[in-house]
Amino acid sequence: MIRPDLKPICENMLMSEGFQQARTLIIKFVTLYELSGELLSKQFHYDRGL
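Position one of the sequence shown corresponds to residue 393 (this note's numbering), numbered consecutively onward.
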């Protein structure tokens, strides 16, 4: 299965919302997203897709 590259996706989302220093937040958001995918339920209604 193909996994999306979360860093550019998060960067675009943050920059579009007006964050000037989005690159400093990307690492935290990607880490949070990956941990939530591992720790939370795998049921379909908990889809955390970007």
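Hint data in this document are derived by calculation from the structure and do not stem from the laboratory.
The model shown is predicted, which means the values in this text are computed figures rather than measured ones.
Please note: incorrect hints may appear among the correct ones.
Unchecked claim - SDA-like, lysine to any residue: derived pairs with alpha carbons at most 25 angstroms apart:
1) Lys-399 - Leu-427
2) Lys-420 - Pro-396
3) Lys-434 - Arg-415
4) Lys-434 - Phe-421
5) Lys-420 - Gly-410
6) Lys-399 - Val-422
7) Lys-399 - Gln-413
8) Lys-420 - Ser-408
9) Lys-420 - Lys-434
10) Lys-399 - Leu-424
11) Lys-399 - Leu-432
12) Lys-434 - Thr-416
13) Lys-434 - Asp-397
14) Lys-434 - Leu-398
15) Lys-399 - Thr-416
16) Lys-434 - Ala-414
17) Lys-434 - Val-422
18) Lys-434 - Leu-424
19) Lys-399 - Ile-418
20) Lys-399 - Lys-434
21) Lys-420 - Ile-401
22) Lys-420 - Met-405
23) Lys-399 - Ser-433
24) Lys-420 - Asn-404
25) Lys-434 - Ile-418
26) Lys-434 - Ile-419
27) Lys-434 - Ser-408
28) Lys-420 - Pro-400
29) Lys-399 - Ser-428
30) Lys-420 - Ile-394
31) Lys-434 - Gln-412
32) Lys-434 - Met-407
33) Lys-399 - Ala-414
Right, here's what the structure says about each hint:
1. Lys-399 - Leu-427: This hinted pair holds, its Cα atoms lying about 15 angstroms apart.
2. Lys-420 - Pro-396: Holds: Lys-420 and Pro-396 sit about 17 angstroms apart, inside 25 angstroms.
3. Lys-434 - Arg-415: violated, 29 angstroms
4. Lys-434 - Phe-421: holds, 20 angstroms
5. Lys-420 - Gly-410: holds, 17 angstroms
6. Lys-399 - Val-422: holds, 7 angstroms
7. Lys-399 - Gln-413: OK: Lys-399 and Gln-413 at ~14 angstroms, within 25 angstroms.
8. Lys-420 - Ser-408: It holds: about 18 angstroms lies between the C-alpha atoms, which stays within 25 angstroms.
9. Lys-420 - Lys-434: holds, 22 angstroms
10. Lys-399 - Leu-424: holds, 12 angstroms
11. Lys-399 - Leu-432: holds, 21 angstroms
12. Lys-434 - Thr-416: violated, 29 angstroms
13. Lys-434 - Asp-397: holds, 20 angstroms
14. Lys-434 - Leu-398: It holds: about 19 angstroms lies between the C-alpha atoms, which stays within 25 angstroms.
15. Lys-399 - Thr-416: Judged against 25 angstroms, a Cα distance of about 11 angstroms means the pair holds.
16. Lys-434 - Ala-414: violated, 29 angstroms
17. Lys-434 - Val-422: The given pair, whose Cα atoms are some 18 angstroms apart, holds under the 25 angstroms limit.
18. Lys-434 - Leu-424: holds, 16 angstroms
19. Lys-399 - Ile-418: Given pair Lys-399, Ile-418 holds - Cα atoms ~6 angstroms apart, limit 25 angstroms.
20. Lys-399 - Lys-434: Holds, at roughly 22 angstroms.
21. Lys-420 - Ile-401: Given pair Lys-420, Ile-401 holds - Cα atoms ~13 angstroms apart, limit 25 angstroms.
22. Lys-420 - Met-405: OK: Lys-420 and Met-405 at ~14 angstroms, within 25 angstroms.
23. Lys-399 - Ser-433: holds, 23 angstroms
24. Lys-420 - Asn-404: Between Lys-420 and Asn-404 the Cα gap is close to 15 angstroms, so the pair holds against 25 angstroms.
25. Lys-434 - Ile-418: holds, 24 angstroms
26. Lys-434 - Ile-419: holds, 23 angstroms
27. Lys-434 - Ser-408: violated, 29 angstroms
28. Lys-420 - Pro-400: Given pair Lys-420, Pro-400 holds - Cα atoms ~13 angstroms apart, limit 25 angstroms.
29. Lys-399 - Ser-428: Holds, at roughly 16 angstroms.
30. Lys-420 - Ile-394: OK: Lys-420 and Ile-394 at ~22 angstroms, within 25 angstroms.
31. Lys-434 - Gln-412: Measuring from Cα to Cα gives roughly 34 angstroms; hence the hint is violated.
32. Lys-434 - Met-407: Violated, because 29 angstroms separates the two Cα atoms, which is more than 25 angstroms.
33. Lys-399 - Ala-414: OK: Lys-399 and Ala-414 at ~10 angstroms, within 25 angstroms.
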